[in-house]
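Enquirer: So you can see what is in the structure, the chains are spelled out below.
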Amino acid sequence: MAEHEPIYIVDGARTPFLKSRNRPGPFAASDLAADAGRALLLRQRFAPSDVDEVILGCAAPSVDEVNIGRVAALRMGCGDKVPAWTVMRNCASGMQALDSAIADIRAGKSELVLAGGVDALSRAPLLYSEAMVHWLSSWYAAKSLGQRAALVARFRPAFLAPVIGLMKGLTDPMVGLLMGQTAENLAYRFGITREQMDAYAARSHARTLAAQKAGHYDAEVVPVYDRAGKVYTADDGVREDSTPANLAKLRPFFDRKYGNVTAGNSSQVTDGGVWLVLASQRAVDERGLVPRGRIVDAQWAGLDPAQMGLGPVHAATPILRRHGLALNDLDCWELNEAFAAQVLACLRAWESDDYCRSELGLPGALGAIDEDRLNVDGGAIAIGHPVGASGARIVLHVLNVLERTGGQRGMAAICIGGGLGGAMLVERV
Amino acid sequence: MRHWTITREADGLATLALDRAGASTNTLSAAVLAELGEALDALDRDPPKGLIVRSGKANGFIAGADVDEFGEIATEEGAIALVRRGWDTFERLAAVGYPTLALIRGFCLGGGLELALACRYRVAVDEPGTRLGLPEVLLGIVPGWGGIKRLPRLAGAPAALDLLLTGKTVDAKRARRLGIVDEAVPVRIMEPTARGVLKALPAPRRLPFLQRLALTPIGRRVVAAQARRQVARRARREHYPAPYAIVELFAKHDGNALAPAPSDPASIATLVRTPTAENLIRVFRLQERLKSLGKEGSFAVRHVHVVGAGTMGGDIAAWCALRGLTVTLQDQDAQRLAPAMGRAAKLFEKRLRDARRVRDARDRLIPDPAGHGVARADVVVEAIFENADAKRALFADVERRAKPAAILATNTSSIPLEDIAGALADPSRLCGIHFFNPVAQMMLVEVVVGRQTRREVVADAAAFVRAIDKLPLPVKSAPGFLVNRILAPYMMAAFRAVDEGIAPETVDEAALAFGMPMGPVELADTVGLDIAVAVGKLLGPRAEPPRKLMALVEAGHVGKKAGRGFYAWKDGKPVKQASGAVPAGLADRLVDPFVAEARAALAEGIVEDADLVDAGAIFGTGFAPFRGGPLHYAARRQDVAGPARTEPVPVV
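Residue numbers (this note's numbering), protein chains in the order written: chain Y, 1 to 429; chain P, 1001 to 1652.
Next comes chain Y alone, as it looks inside the complex (with noise of 0.2 Å):
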């Protein structure tokens, strides 16, 4: 893949990744796509509907909100003329939407895409019980008056309990797993405790809030405004007292009562969106475009559904090797944080003779990953998980980093639900 044309990244914006306060947030998914696609699309060498395409990626949209790539691209005054689709794969829809521009790209079809992902997951609908469903139906057909009264009696209050849309998203459909049960599956298979689930969930917040007071997300973060006047111009689900102290306080969430997975040790239920511009070389050429970064490869793996927070391990492994990298020649790694127990889950598969070995196929362990190169500024525990979001977010964030930080190269990778990993591989220019 290296051997292909380049994929550039022109730049990238996001909104502030806003925490679900158990209620519908003040955004819709398009909302928060528009407001930060225009923003970005604004600050561009070239107009809205210069863009090939638009895509993006989004596991929850609303019902309103069909096809919400087309929504926000014609929000964003892309204009009619431009097409715009929407992509799925569960936490890394935003990661497969820069996969899809890639595609699109590589194959002559689009010079220059917006891509990027989104979802307002404290927009998540509930819905009504299978047994209210049919209750209704039966109620809708009923025709006369004795047919009405017979199911009045046959109502049940429990009838009314609504199910939690966002909890069906987040089972698994194969295996019937909350996605935090999968993460306890990993803690109890590498012996990850409690304490040691806590204290990386503390230290994500605490180099969020340094990133934060830093300055170093004012780079990608644009503001944005709700109709009562109020501006957002932070991530808002990071904590001051998120201290592994604190967070060992928290009740189990999964596996009640006697698991280790907590709300703390877990990433936020948070609405969000991101965009990337890609372009081609002519495009670049063409249109006088400043790049800032390249995608390298991309790589896509599937693993056990029971397991899916080790996916990063397996994606990001055969992009190492096809480049004859070790896992501490990337400058950062951005390992996106579904859970505390799923990103030590994934280093210790890396350090482990055993893993690597017989569900790699390597001949031997591939090390540890320097703290000081993972999640440099925190991730989705501190800041949030719009699943739809996060795949493009920390593609834009490991460029970022490099920006700052004079690397070179760096690894974007995420797990996703349903048993598969994406990896990408950014390098500056």
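A hint or two may mislead.
[Claimed, not checked] Here are a few chain P residues that sit away from chain Y, every Cβ distance over 10 Å (derived from the structure):
hint, residue
1, 1019
2, 1296
3, 1396
4, 1533
[Stated by the list, open to error] Think about it this way: if two alpha-carbon atoms lie no more than 20 Å apart in a straight line, the pair counts; the simulated SDA-like pairs of lysine to any residue are:
hint, chain 1, residue 1, chain 2, residue 2
5, Y, 230, P, 1363
6, P, 1350, Y, 226
7, P, 1561, P, 1576
8, Y, 168, Y, 125
9, Y, 230, P, 1336
10, P, 1403, Y, 50
Because the hints were derived from the structure by calculation, they are not lab data.
Keep in mind that this is a model prediction, so the values were computed, not measured.
Positions of the beta carbon are idealized from the N, C-alpha and C atoms, including for glycine.
Mind docking chain P on chain Y? Use the hints.
Expert: Okay, now just chain P, sitting in the frame of chain Y:
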């Protein structure tokens, strides 16, 4: 026939289309009405199974009577003849033996709607351009061609009177809900709908029982009493007799304006005896003239960049986005932009209602702290704080980055254009585009022409002002331009009166009785007393500042925004005591300086002619519209006091 075309169709239906010869817009002139009579004669000879009345023009249905013939109302006989010819023709149309249907697409106003109401059915095309209404009252006249008779029968008395007395227009959907039209349909099915209705001949909609009761003689009196009270809250009878006449015509004469005796206050004779109608028609013409000032040149605006997200800048940006333009709004940081974004959302929700249109307007308004929008804008409007150096620095930078043909404009009200223009490589590009607060309500925008401003720039700026549906008034760059300048002496006179111990309520009442929409003291409180002082300072030689005003400003009681000024403000309204008797001559004391300053501005050539002074005063300051403007008023008032302005009017 020159204006109307009858087309007979195979199925027995006929269409009667109006395409007024020699005019771009359909209006109902005497000739057009006479020819409509001929068309009805022709149809009577061979009656169709049904008749569709429609427009032969693409721009709309019928805009109303022909305003060019309104000169007739100068005499009683002329006015009666004008009313009679429409009333009789439409009575005849309403009585034909075959079913009739008006197919309405685009504007359908005044006499145009009265024509449609005389048909048995109405089908309106549901698209943004379709507006139905009877705006006669805004011209000081009454809908005399059957509107007062027929609208209440369709919409019910309260809704009909609301439309008749406010002159407001409704879209197709609302017209359908009110019962004014039988169907509101998308353009794709307007033809089959019109034909289908004429074939199915549905029974006319019956008003609900209570609504029918309201149309009985007693019911009419009850409804009329209520309507009269509502009118009285908005307009004084001595200033605006027409709405009162409309209520009387509804209550007692079933809408027939020819019925009242000449001595009756609701008669046409009474209406034309006051100059109100003549003056309001003058105001309408002045408005058309201002509109025409934006038609020179072919400047097309799609993107506006506004620098400064304060009250003015933010509201200008919101207004432009509301009117369909892409807008980038720049200020130093996101926090400063946020309040403007919130106000904009409120404006959009209030004006557009429809959630999708609100969303689209919000999407068009792009916060732009870094100012990237400058490079894409067709118009750059600067609305930052009043500091010449800051503005110079800004324009020097903007000029480097803006498109070569972009308009560069400042919204300054106090810094001479020439002082800013020096910072530009091409000073002739700079003009002023001066909006008034509140932007959404004030129709007038002064296009300020500096000594250095190029002619074409002025035309382009006026075209931009029209594109956002405001009224452009080119004014010479001089302190206060036109509007603030003529307003200042009037306000000053009010402050002096207060200093003499006359209650603010009394001063305001004197102005209201004269016909101003708001008293000068309340106006000062609304604008902000600090601003009143600042504007006053710039307008020339200083006299002794008004004591009460200065004391209030020093105490921080700067008006509405501070909750206290001359009045205490509660929930956005001033707390007023009873005004008491207005001393004789107080109104003249306020208005004469206004008139004198208007004359001085004309003499100095601030605007081109006297009509434009009046237009600026009416649309920019709200000067009593029924008086036709300060200069018109003074010319009509032979005994005008203090015509000579021997020394500069003292201002703060």
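Enquirer: Would you mind marking each hint as holding or not holding in the structure?
Expert: The hints, checked one at a time:
1. At roughly 33 Å, the least C-beta separation between residue 1019/P and chain Y is larger than 10 Å, which holds for a residue marked as non-interface.
2. Residue 1296/P, annotated as away from the interface, keeps every beta carbon of chain Y farther than 10 Å; the closest lies near 29 Å.
3. Against chain Y, the non-interface label of residue 1396/P holds: every CB pair exceeds 10 Å, the least being about 21 Å.
4. Interface exclusion of residue 1533/P from chain Y stands, the closest Cβ pair being 29 Å apart, more than 10 Å.
5. At roughly 16 Å between alpha-carbon atoms, residue 230/Y and residue 1363/P fall within 20 Å of each other, so this suggested pair holds.
6. Distance check on the hinted pair: residue 1350/P and residue 226/Y sit about 16 Å apart at the alpha-carbon level, within 20 Å; holds.
7. With a CA separation close to 17 Å, the supplied pair residue 1561/P and residue 1576/P stays within the 20 Å bound.
8. Between residue 168/Y and residue 125/Y the alpha-carbon distance is near 10 Å, which keeps this suggested pair within the 20 Å criterion.
9. For the suggested pair residue 230/Y and residue 1336/P, the alpha carbons sit about 11 Å apart, so the restraint of at most 20 Å is met.
10. Between residue 1403/P and residue 50/Y, the direct Cα distance comes to roughly 18 Å. Compliance with the 20 Å bound is thereby established for this hinted pair.
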